[in-house]
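Residue-level listing of the chains:
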Amino acid sequence: MADIKIGAYVCKGCGLGERLDCDELATIAKRDGKAQVAQQHDFLCSADGVKMIQNDIDNEGVNRVVIAACSRRAKTEAFNFEGVTISRANLREGVIWIRPDEDDLRETTQEMAADYVRMGCAEAKYSTPPASAQEKGANDTILVVGGGITGMTAALEAAKAGYPVHVVEKSDSLGGSVGKMWKDVPRHSPYTDPVDTGVAAMVAAIEADGKITVHLNATITKTSGAPGRFSADISTESGGTSTENFGAIIQASGATPYDAGKLPELGYGKSKDVVDRVELEQLAIAANGGPIKRPSDGKEVKKVTFVQCAGQRSSKEGHLNYCSGDCCLSSIKQAMYFKDQNPAIETEILFDDLRTPGAPGEDFYRSGQDKMITFRKGKVSEVVAGSNGPLVKFKDLILDEELEEEADLVVLATGMVANSGVDIDEVPQNEPGQWEVNVDSILNLNYRQGKDLPHLKYGFNDSHFICFPYETRRTGIYTCGPVRRPMDTQQAIEDATGATLKAIQSLESAKVGRAAHPRSGDLSYPIFRKEGCTQCKRCTVECPFGAIDEDEKRFPVFNESRCRRCGTCMGACPVRVISFENYSVDSVGQQIKNCDMPDEFDEKPRILVLACENDAYPALDMAAQQGTSYSQWARVIPVRCLGSINTIWITDALNSGYDGIVLMGCQKGENYQCHFVKGSEMAQMRMSKVDETLKTLNLEEERISTYEVAITDIDRAPQLINDMAEAVEKIGLSPFKF
Amino acid sequence: MSYNNEMIEKYRGNFLKEVTDNVEEGDWVKMCMQCGVCSGSCPLGPHWEHPPQEIFMMIRANKREEVLESTSMWMCTSCYNCIARCPRGLPITHIMHGLATYSRRLGLAPQQQPTAKFAQLFWNNLAKTGRVNELKLGLSLYFMNGFAEGVKTALKMKNIGLNMLKTKRMTPMEMLGGHGCKDAKGLQAILKKAEELENVRIGKSGA
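Protein sequences appear in the order of chains W and X.
Counting from 3, one number per residue, gives the positions in the first sequence under my numbering.
Counting from 30, one number per residue, gives the positions in the second sequence under my numbering.
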């Protein structure tokens, strides 16, 4: 990179000109910030203001732009310059909007603004324009693992978008679980009657599509690489193995029905006339629209009882803890098989909580009631042999009575268990050079972190259901369908479409060497100074996304296109050899150091706030928009993720005289909201060790607080800063002021 | 065979169907999803033997006699809270009155339930002359539960009665037959015809 030339631009719009002494700010940029160019403008984000900056870039050689105006989250389209770094000193949301406009407060408000200008210039000095990752993918082909309705939808959608697809299916035919059904819950209005599953038509469409290659009786015995350059060994049952290259992977390995054999108390295995819901589909297929006959003696069924939540939503040993989400709809559909054939057949659904999620849900339930299916809130305790068929013992929860009823056939609405491969916490990865295929694994990844995608909860794979579905902790590999969470056919179809789009986004991003998500388009990537590395492995272990492998000498190997650019590795590194071009230990550390530190006789404390840019920083911005005020002593620095905070920043800040430090990250733990899954958790763990640092410096523990802040905590976030200001007032100023 | 036995014979073991076919708005009963909002919304809820949600479940569970002999549906005061709140849009108030009517038609309605008793007194009073005789209706209410209680209530209400006399809101002459509509005989003929037509509709042989 050529010489650094900083251009600082102070805006006087939005009231900044009236509230602040902008001439002084420009002087500070030149004097303290060492900006070669410092200009003021009445309305910086106007076409004229932007032209002024662009002109300096083109003609004056400015390559580090510091914009002292509004929050970095505002006017991003106006302040978008190519080939330079852009730093934003947040004078509007960060200063004038959070401080009252009163004469006696002018001095501290101006000091705040001046510090942000200094910090902006410091960040600019220690950043370089990102050049895009060196590692670039070039493969368009998508691998779909699983040939059920989810996988088939993904394959067809990808092919429609112009991407070649390979479908790998373990069994000898496409179709999966839905392919074994007689009929399915309707996917379009009117949601009244069971409809054709549509599997045959999809199989035909796949066979006719030149872009789709199907591997039947096949499994994946090894997957390696990264987005844009995955390589997978596809092995068939007969023993042949072919290696194919892919740009992205969609895992649609679906779910296995829960083993009803574990439910002897519900009569399964004891009576032939107690079946699970998969077996009922087989009976319906055998009946082919005629009367359904029971397995024991072939008698036409005149009364059928459905037992909901069989082996589910229960904490009993061997039962599923969760709701499988589609069994209620499935039982209503199956009861209709009987009612549609002969309305005189008695159909009773014994439920605890009837839940019919999804678009068809309520309408289909109503249709079932309209067809005179009896819905009864009852808890089944036991199914035993009766004189003419299974005898269901249950408690009616509305009438509060213990009852027994005999039926010709009992159907257990059993749940689904995700086919999510091996649990990587239980099954460790092979040592380098000792590769072994694990038959239970779906992907057989050769990542150092394990052979499959991490399990999130109840054995289902990643990821966050609401905030970022499909995105697993392995970039370029996307899950959809019931492997991700329990769901019905319609949801699985929608899911497959979403995951396909994610896969396309990932392989296209890999082609140009930029981040796929959630920092879409980010050109920076981790730069690693190998000479300084001590092979401590913290980065490889802490990377939430398995982006870092190890070479033979145990040095980290960064797979840039697997990286999400969160900086957790940078925060983890004890010797600080990992950085990004525009986000590094220095770029933040220098902001901390370049804040003007008044001496202790001024009685002006300084509070450092490191706020997650995804949730906490926006919350503070919104608080500013609402006119909430917070302490004039605060200096807020946005960070990519709390996980990227290197403890050296904390030590440096304490050493340079900050009186308090507030860290704001996202919710961690089971219901995490961290965009980088583990970042917030890592940070909290590291901070718990900071207490020792405080002790060696002889400082009070109260000087550092770590909080979980959500984007909606608009009132709470400023309050946390004020709390720290109060605490500092109570315990006094830091003795480390020089 | 009594009408009640006729119905038992006809719907053997399927009370839900019986209700669907014979009770006003009874075809809605199957659509109840057992959320219990009706029971929670009823201002008299705690005083019902079986709140609406339970009645609907009992119908599905074939508890024919228990439902029809229940005093519950006679407790309904037509406040319409349940109808306004039912997420499934069931006309619960109407169904309750429908069930009450049907149980009376079958001769299963509870004899001593006050609402049922009052309804009968009111009807008898009205049907006679085509006008409600308030004095007679009032007194028959006082003595509904026997002579002693009637005298007690009358004494309690004495001052109100005297004041009403004073302000000419009531006349003791009403005791002697009272006023009526222009053609009371004609009205009675209309009611008789209506009953005949209704019996034909519901398939009940001449009562």
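Don't read these hints as lab results, they were simulated from the structure.
Using N, Cα and C, we set each Cβ at its ideal position, and we do this for glycine too.
Treat the hints with caution; some may be incorrect.
The calculated lysine-lysine pairs, modelled on DSS-like cross-linking and capped at a C-alpha distance of 25 Å, are [unchecked claim]:
no. : chain 1 : residue 1 : chain 2 : residue 2
1   : X       : Lys211    : X       : Lys195
2   : X       : Lys157    : W       : Lys341
3   : W       : Lys381    : W       : Lys397
4   : X       : Lys146    : W       : Lys341
5   : W       : Lys305    : X       : Lys157
6   : W       : Lys304    : X       : Lys92
7   : W       : Lys373    : X       : Lys146
8   : X       : Lys222    : W       : Lys397
9   : W       : Lys397    : X       : Lys92
10  : X       : Lys92     : X       : Lys39
Derived contacts from chain W toward chain X, CB cut-off under 8 Å, selection only [stated by the list, open to error]:
no. : residue
11  : Thr376
12  : Arg378
13  : Lys379
14  : Ile400
15  : Leu401
16  : Glu404
Results for each hint:
no. : hint                   : in the structure
1   : Lys211/X with Lys195/X : violated, 28 Å
2   : Lys157/X with Lys341/W : violated, 51 Å
3   : Lys381/W with Lys397/W : holds, 5 Å
4   : Lys146/X with Lys341/W : violated, 43 Å
5   : Lys305/W with Lys157/X : violated, 53 Å
6   : Lys304/W with Lys92/X  : holds, 21 Å
7   : Lys373/W with Lys146/X : violated, 38 Å
8   : Lys222/X with Lys397/W : violated, 49 Å
9   : Lys397/W with Lys92/X  : holds, 16 Å
10  : Lys92/X with Lys39/X   : holds, 16 Å
11  : Thr376                 : holds, 5 Å
12  : Arg378                 : holds, 7 Å
13  : Lys379                 : holds, 5 Å
14  : Ile400                 : holds, 4 Å
15  : Leu401                 : holds, 6 Å
16  : Glu404                 : violated, 13 Å
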